[in-house]
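K.L.:
Quick note, the sequences are listed as chains A and B, same order. The first sequence begins at 284 in our numbering and counts up one residue at a time. The second sequence begins at 29 in our numbering and counts up one residue at a time.
These are calculated hints, taken from the structure and not from any lab test.
A short, non-exhaustive set of chain B residues, derived as facing chain A with CB atoms under 7 Å: (1) Glu252; (2) Asp258; (3) Ala282; (4) Gln294; (5) Ala310; (6) Ser314; (7) Pro315.
For each label pair, taking beta carbons as the anchor points, the in silico distance ranges come out as: (8) Lys426(B) / Gly372(A): 53 to 59 Å; (9) Asp448(B) / Ser414(A): 44 to 50 Å; (10) Ala545(A) / Thr439(B): 42 to 48 Å; (11) Met370(A) / Gly227(B): 39 to 45 Å; (12) Glu138(B) / Tyr558(A): 23 to 29 Å; (13) Pro226(B) / Asp286(A): 21 to 27 Å; (14) Gly398(A) / Thr337(B): 28 to 34 Å.
Computed from a prediction, not measured in an experiment: that's the story for all the values here. Backbone N, C-alpha and C define an ideal beta-carbon position, used for all residues, glycine too.
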Amino acid sequence: MTDFLQAIVNGFSQGSIYALLALGYVMIYKATRVISFAQPALMIVGGLFSYHFTSELGLPFWVGMALGIVCGAVVGMIVERLALRPMLGKPVFTLAIITIGVDIVLRIISNRYIGVQSRIIDYPNGSDRVSVGGVSISQQRIGLIAVTTVAVIALALFFRYSRTGLAMRATALDQETALAQGIRVGAVFALAWAIAGGLAAIAGTFVAAGNAGIEQTSWIIALKALPAIIIGGLDSVQGAVIGGLAVGIVEALTATFQPDVAPWLGANFSLVAPYALMFVVLLVRPYGLFGTKEVERV
Amino acid sequence: MKLHPHAVRASVVIAATALVLSGCRSSSDSGSGSSPGISDEPCPQAVNKDNGCISLGVISDLTKGPFAPLAVPITDAQKAFWKKVNEDGGVGGYDIDVTSNIADAEYNPEIHNRKYQEMRKDILALGQTLGSSQTLAILEDMKSDDVIGLPASWNSAWEFEDQILESGANYCFEAMNGVDWAVAKRGVKGTVVAVGYPGDYGGDAAAGVEAAAKANNLKFEKIETPAGQDNQAGAIAAILKQKPALVVVTTGPAEMATIVGGAASQGFTGTFVGSSPTWNPALLKSPAAPALEKLYFQAGPWGPFGTDTPGHQAMRDALGDVTPNDGYTAGWVWSYPLLAALKKADADGGITRESLVAAAKELTEVDYEDMLPAEAGATKGEPSEVAFRSSVISKVDKTAPTGVAIEQELTTGPTAEAYDFSKPCFSLQ
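Starting from the given sequences, assemble the full structure and let the hints guide the process.
P.N.:
Dropping the structure here:
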């Protein structure tokens, strides 16, 4: 039982990273109907900003992370304004391909900063552990879960109660109608990218504060948020959170129990377990667990 | 802007594949010239304008591969080494050019092979070929070209290859010495687990761990783990489940820190011994640092950067003001046997590819300036007779230049001493 609970805790904390990234994907998709493949680079860029503020300039972790989030959001807005806005009206597939180009460009720039060293943020007392009933978790992971929780609640409140949030929801429903109602759709797009950049920066910051920090190959972590958004539903905020956590938990549970329960699946099956879950969900619910079922008039 | 959800999902899969592939792609350099790598013309930026030029190739992991943090200083140290050789007059009337044929293979055997094809007509020898599988990918061509190479790896198979001029104990002996040391000094009993990359690097060390486990009456388990810090959950779970007294790690630094930090954060208190490429001093800033200080030890082929020997001092002097890194140490040490082979080939009648291959097989000692004993460079004889079997054990020390300090000087453990080295520990495929 302790192993099970420990796997859940491990998966929940790792899933928080995926959830933050998945939220970014969903934010942009809801606003623009574009899957942004620039999220891996935004995660790295945001994490590097936080690294620079904390490890290079000596600011406290939380201040450095706050500045990193702001910088990540600004980078997201700049990407939207320079690379995506001019292509408005083009097929979404074209825009998605452009985000791949943006991702590559940002990663090349980031790699020049990273160089050959790991960029590691010193999280205050990050290795200290809290243990309850044989299940333990580090302070750094507690911080990650807490920040993710705050971010998710803040986003939910923002969409539910703020006028801007309402405008974003309206734009997500129907851009032309929203435009007719006086909503500045362009500003909504920019805001969606800013939020996605900020969320990616939080994820990047905690990757940098992890045991191995940010390296040139760390962007691959963000690709695990892709099955998360398919599982949760491409246009669902709660789906992104649950999908992200599900990926983390399935990965951890599989890593812990599959070698004994189903050794015939081979070594390291946990790496493909999230994708197996994705296929199962797609078979049962093609639009994801919380995705909107599209009805088309014929 | 609307697109059918199925199309969107398809685009996700296609684009994700493109993203992954983009991470594997590289630019290609253009090959040039058709010389055999030795010329009477002076080298570019020659130190000795009257000398001819010997061109050495370097195929390394300089940007995005897992060993880039080590490979860049390795390459820089080799540049410094040959610069010093040139400043001392060169070899046999030739300066050594190790800067004109440097290629980044990203720790990828296919790219490694492509880079070799591009430079094979331009070099006398390879001053560095990084990685075991990577070197294997070009080995047959090296043989047909009469090109010898310095491996930036410590695979036991190299002892059996005439084209490869290795230095220091291989991963297999290193792992044996790590286990023997842990048994003797840390009181290890019960189970020992070898955690490593699939393939030759992890496999060679695992074979050494298995031999040492058998010699020390320990239970042996092997866990293969892929590269990537986010892919270590399986290895951590397995360690926590089996609760071994000793874990021998053969991965990159990021994976090692993730495994040690992850296992320790869940209460694991066993000993970790990592092969030399598992260490990176930057890890001392990570949350894994306390666990590394407490549980991690490094088995290495020679003393770290700050060690007090004439060779280490020469290296530090040649490099000048650099951030200490044991990639420098490795690059410097690895270069001595090639210098010795060049001198022997010159003394035996002149430097050619063929004479260099012959000289490399006939070395009885190499002057490592005390970084290693001279007999460590012997190649003349059967591998079972001349293979160097001693390793250094280091522990984490924040005050040391590279974050590790020697715990036990070069020592051959009883398992390595008695091991029947009539074939490689792990067969390269």
